[in-house]
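Protein chains: 2
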Amino acid sequence: MKRGEQTHPMTGNPQKPMTLALEAARDAARQGEVPVGAVIIRDGVVLASASNRTVTDQDPTAHAEILVLREAARKIGSERLIDCDLYVTLEPCAMCAGAISFARIRRLYFGAGDPKGGAVEHGPRFFSQPTCHHAPEIYGGLGETESATLLKEFFKERRNENT
Amino acid sequence: MKRGEQTHPMTGNPQKPMTLALEAARDAARQGEVPVGAVIIRDGVVLASASNRTVTDQDPTAHAEILVLREAARKIGSERLIDCDLYVTLEPCAMCAGAISFARIRRLYFGAGDPKGGAVEHGPRFFSQPTCHHAPEIYGGLGETESATLLKEFFKERRNENT
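Heads up: the protein sequence lines correspond to chains A and B, in order.
Be aware that the first sequence starts at 7, since it is given in this note's numbering, and climbs by one per residue.
Be aware that the second sequence starts at 7, since it is given in this note's numbering, and climbs by one per residue.
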């Protein structure tokens, strides 16, 4: 995995999609949802954008990544998202890493690492498992500080509300 | 994890829900989908039943487990499926294991093991990871032979169609 905010020749400037993902994460916080946002890009076009919506939708699977994968698949008309790149503000969990693999995502860009629940750099390190049959190229640490700050502020406010 | 076709005192006879899951798996095969079926039970009542539908729905996340988790959450009106048990004919993958954990499923019963893509007994062994914050009680091998036979026959027929 490559770390840092590099420009990839095929995708142009990855900052812009991550900025959209961060906007989606801020939307989540405003709705009282854990602030994580994701977008899927193909050929420089945004195919899908979503915030985490588990509480709003009363759906344990409604992480931002799952929502954009489902939306992009619907738009393309195929469960395989060939040549699509996914940007998400937080390191994906096992559920989302599995879905990213099934969808054949080409490149995964994520913001903050997630030692507690991540499955890319942490825990099961899903994409390195022999049972993972498609791994995207992975770029971590893009928009890391802003993404982590959003999460920290959200949980700090929640703690304050509960005391 | 406990193996074999035992009866659990709290759930009554687990054969019956697994029979329903196997029926759902047969439905999947008839639709040209990989034959996996799942049901969710609470207090002896079927809350949700589904077949794998990734091709039909053009949705990479539409595994039987994800579909029943979403349906049961919608019925209950909560993303946490307290006191619910999930029966599935094949060992869950990482995506589904993650979702089962988020949904707080109480007991997981599965049929055939899946050395190629499973994430319970194989690969990431998700429920044993420190990043897994809720693990169900797990009972493997329930309806194993019938489940495995369904899958073998399905892939054998597919190979025959392609030759």
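Keep in mind that the hints were calculated from the coordinates and are not lab data.
Be aware that one or more of the hints could be misleading.
Cβ-to-Cβ under 8 angstroms is the rule here; a few derived chain B residues that face chain A [what the hints assert, rightly or not]:
{"hint": "1", "residue": "Thr-60"}
{"hint": "2", "residue": "Gln-64"}
{"hint": "3", "residue": "Lys-122"}
{"hint": "4", "residue": "Ala-141"}
{"hint": "5", "residue": "Ile-144"}
{"hint": "6", "residue": "Phe-161"}
{"hint": "7", "residue": "Arg-164"}
{"hint": "8", "residue": "Arg-165"}
Computed from a predicted model, the values in this text were never measured in an experiment.
Beta carbons: idealized from backbone N, C-alpha and C, even for Gly.
Results of checking the hints against the structure:
Below 8 angstroms, beta-carbon pairs count as interface contacts, and Thr-60(B) has one with chain A at about 5 angstroms; its hint therefore holds. Evaluation of the Gln-64(B) hint against chain A yields a held restraint, the C-beta minimum of about 5 angstroms falling below 8 angstroms. The beta carbon of Lys-122(B) is positioned within 8 angstroms of a beta carbon in chain A (closest approach about 6 angstroms), and the interface hint is therefore held. Interface restraint check: Ala-141(B) against chain A, minimum CB-CB distance 12 angstroms, threshold 8 angstroms, status violated.
Checking Ile-144(B) against chain A by beta carbon gives a least distance of about 16 angstroms; that is not within 8 angstroms, so the hint is violated. For Phe-161(B), the shortest C-beta to C-beta distance to chain A is roughly 15 angstroms, which exceeds 8 angstroms, and the interface hint is violated. A distance limit of 8 angstroms between C-beta atoms decides the matter here; for Arg-164(B) the minimum to chain A is near 17 angstroms, and the interface restraint is violated. Among the interface hints, the one on Arg-165(B) is violated; its C-beta lies about 18 angstroms from the nearest C-beta in chain A, farther than the 8 angstroms criterion.
Figure legend: structure checked against the earlier numbered hints; hints not met, in rising order: 4, 5, 6, 7, 8.
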